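Chemist: Top line first, the protein sequences correspond to chains A and B.
My numbering puts the first sequence at residues 120 to 534.
My numbering puts the second sequence at residues 120 to 534.
Quick caveat, the hints were computed from the structure, so don't treat them as lab data.
Keep in mind it's a predicted model, so treat the numbers as computed, not measured.
Treat the hints with care, since some could be wrong.
If chains are identical, the list can't say which one is meant, so a pair holds when it fits in one copy or spans any two.
Said to hold, decoys possible - Computed cross-link-like contacts, BS3-like style, restricted to lysine-lysine with a CA-CA straight-line distance of at most 25 Å:
#1 Lys341 to Lys279
#2 Lys465 to Lys387
#3 Lys440 to Lys279
#4 Lys518 to Lys279
#5 Lys499 to Lys360
#6 Lys465 to Lys205
#7 Lys506 to Lys227
#8 Lys227 to Lys487
#9 Lys392 to Lys465
#10 Lys227 to Lys518
There are 2 protein chains.
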Amino acid sequence: MKSITAEILAIGDELLLGQTLDTNSHWLSAKLTETGIRVIRRTAVGDNEADILQAFAQAEARADVVLITGGLGPTHDDLTKPCLAKYFNCEIKIHPEALAEITAFFQKRGRELTETNRQQAALPVCCEKITNTIGTAPGMWFQRNGKVFVSMPGVPHEMKKMTEEIVLPKLRTIFNPPVIVHRIIRTAGIGESFLADRIAGWEKQLPAHIRLAYLPGIGEVKLRLTATGTDKDTLHLELEKQTGLLLPLIDEFVYATEDEPLEKVIGKMLRDKNLTLAIAESCTGGYISHLITSVPGSSDYFVGAMIPYAYEVKMRQLGVKPETLEKYGAVSEPTITEMASIVRAKFNAHIGVATSGIAGPGGATPEKPVGLIWIAYSDKYKTVTRKLMLTHDRLLNIKLTATAVLNLIRLNLPR
Amino acid sequence: MKSITAEILAIGDELLLGQTLDTNSHWLSAKLTETGIRVIRRTAVGDNEADILQAFAQAEARADVVLITGGLGPTHDDLTKPCLAKYFNCEIKIHPEALAEITAFFQKRGRELTETNRQQAALPVCCEKITNTIGTAPGMWFQRNGKVFVSMPGVPHEMKKMTEEIVLPKLRTIFNPPVIVHRIIRTAGIGESFLADRIAGWEKQLPAHIRLAYLPGIGEVKLRLTATGTDKDTLHLELEKQTGLLLPLIDEFVYATEDEPLEKVIGKMLRDKNLTLAIAESCTGGYISHLITSVPGSSDYFVGAMIPYAYEVKMRQLGVKPETLEKYGAVSEPTITEMASIVRAKFNAHIGVATSGIAGPGGATPEKPVGLIWIAYSDKYKTVTRKLMLTHDRLLNIKLTATAVLNLIRLNLPR
């Protein structure tokens, strides 16, 4: 089977100047790969006509599909649209439907439509408009001699929505790429190399058309199985069988056998069990609550949180005993134990969890170094604490702690 | 002055599969830009000889300098070295000094030197070795017809050390690049096109050697001025002068005249004024507190937060009056006004802010659609509320609200 090839082209001086990290191309690479389309090159060029046109021509010569991001803003430094018009040799005109959409977008927000905004509705007449439901710059779809060019805004959430809802389904219909089936198994609480050692024997017996990748995250590792073939059902069955062989080897670390984040898995567990959760987060400063509430419908099980950042708030508002704080300090097992059970009681929730630690870079003492963090889980049957020794990086410590707390909830919820 | 141009080439299948985010090219872009070398293109190709050789030839045709990362590992799928030997038409031989260095590297760690490791000391005879002081794969420096090719390992810390200690100093000596100076102005509360309209006149009078770029973010827009010339001090003065002309046009929207996020700017303002902050965040679910506490030292001014997600918690824990909630609902101006002043009083802070809204996708009513969000600011002199009409995207609504709240703090802090 002939493989379908794609190139990704990111446009914008900010990329070449090193001011904006190009996560778009990375995300598109993963999505195209999952769709069975082989990415053969990624290029980034600046806001420069000659460079953009050369990149178009070189990409068209090599690939079936060219996905372009960026350079669609309403300002003068954005050149993608005029370059596409020139390359495909056609005029730019106001697209009535695009204009109606942009007008509605501004009306809804009670903002005035300026001439600059109006120009965003001007499109090369040889392209098909791709509606931008969450922003102002429409995408553009060009097709000639069996090749496809797609131009999308550089704003990540707009680009992602267009890709998933319109571009990938359309590419699938046109190119009918080989069938690729993925299976994600998500684990927390075990490092990549330990995981690899545990499952080495299983990995060796995988057939050639099933590939395994380790995708390490923050405090977690995703395993991705990729099966390539011609029949979707057969591939699904094969992956199901391989997953069945894998799970017993790493059972206690697996939190999902599909691609769902821990906060969503926890949410489902809480909803299924009719349990509610409250959080007292000190060193994580709201990040765990943010993860929990990023899941739609989380108000079904998340009652709320207290972020007792100041010592005074830990005592007066949360209600940790002054003698506990004085004797053991805020970063200690006795304090974290109180925090978890108090927040549970105060917020009238079934489960209470808490964090307290030295996220860094400041705040350390000889006994309590940067990276020392206590976490606790409390329900009416038990209280569980864990001491973490993490890194010197503040943001990484916050994120690692969040994963550890979510995993602690998963492992301790009453059956 | 002729500008010195560079291209960056990243090699590795993991990049095209979307498994590894290419932070190397991003970092190199910033470093070259700072050095006064203009990056004109970035490319990523897979571990494929034909693609690599084509990328070499195209880059050499366009740029003075080609920096290559990746594909130097000891395994068979790493092709950068044989491709460079082929491209520069010379043999690969064991480099005695490189071998001594690799041997010492392994001895120091008490590990055995395998044949695979030994082969890492084999280099094309037409290159100059670049010593890798913290890893095993040496870098390679090629030069012909006034053009430079540099190959470095893909391991970020090895690549960075080589770049800073050897590659950049050497490029400076050879090319004597022009001086480039940047200035970032960060704005919030105004869209890109409105900003462009406001400063159109100023933009037009910019001299040719000073370029302006708009970098839109979530609820904010960065303006970047780039000046190119020969004398650093002159350029800094010119940018200072242009910034001085720009600021009065957009004064109320500018929150920083350097590249700092809003949460850091707010933090500095609070610290300078000796003020403390408490937050009652409902629909933002902890995200504003997370931003505030992601800044090191934020415990100096952030006392804490309450996340009253459940109706009961809004009443019992935070203390919003039941009659206010019953009469107007949680998402209303009277409720948000109470929330901001109550959290300020309860947490004994100078400033209280609050959020309450329908983040979506659920929870909407005909009168209160998804995207309706109330925010409030309270200090001892005044209370300010704002009603936002945002999007249908939950996470985007959370982030846009956070920017709006931080900006509300900035605009209302007592002088």
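Chemist: For every hint, state whether the structure bears it out.
Modeler: Hint by hint, here is what the structure shows:
Proximity of Lys341 and Lys279 under a CA criterion of 25 Å is satisfied in both settings, with 21 Å inside one chain copy and 22 Å between copies. For the homomeric pair Lys465 and Lys387, the shortest alpha-carbon distance inside one copy (24 Å) is at most 25 Å, but the shortest distance between copies (34 Å) is not. Proximity of Lys440 to Lys279 under the C-alpha cut-off of 25 Å is found in neither arrangement, the shortest distances being 49 Å within a copy and 42 Å between copies. Taking identical chains as interchangeable, the C-alpha atoms of Lys518 and Lys279 lie at most 25 Å apart whether they share a chain (24 Å) or sit on different chains (17 Å).
Taking CA atoms no more than 25 Å apart as the test, Lys499 paired with Lys360 passes in neither setting, with 38 Å inside one copy and 65 Å between copies. For a Cα distance limit of 25 Å, the shortest separation of Lys465 from Lys205 qualifies neither inside one copy, at 65 Å, nor across copies, at 63 Å. Proximity of Lys506 and Lys227 under a CA criterion of 25 Å is satisfied inter-copy only: 14 Å between copies versus 50 Å inside one chain copy. In the homo-oligomer, the alpha carbons of Lys227 and Lys487 lie at most 25 Å apart only across protomers (14 Å), although the nearest pairing inside one protomer, at 53 Å, exceeds that limit.
With identical chains, the CA atoms of Lys392 and Lys465 are at most 25 Å apart within one copy only, with a shortest distance of 21 Å there and 34 Å across copies. Taking identical chains as interchangeable, the C-alpha atoms of Lys227 and Lys518 lie at most 25 Å apart only when they sit on different chains, with a minimum of 19 Å there against 36 Å within one chain.
Comparing the model with each numbered hint stated earlier shows that hints 3, 5, 6 do not hold.
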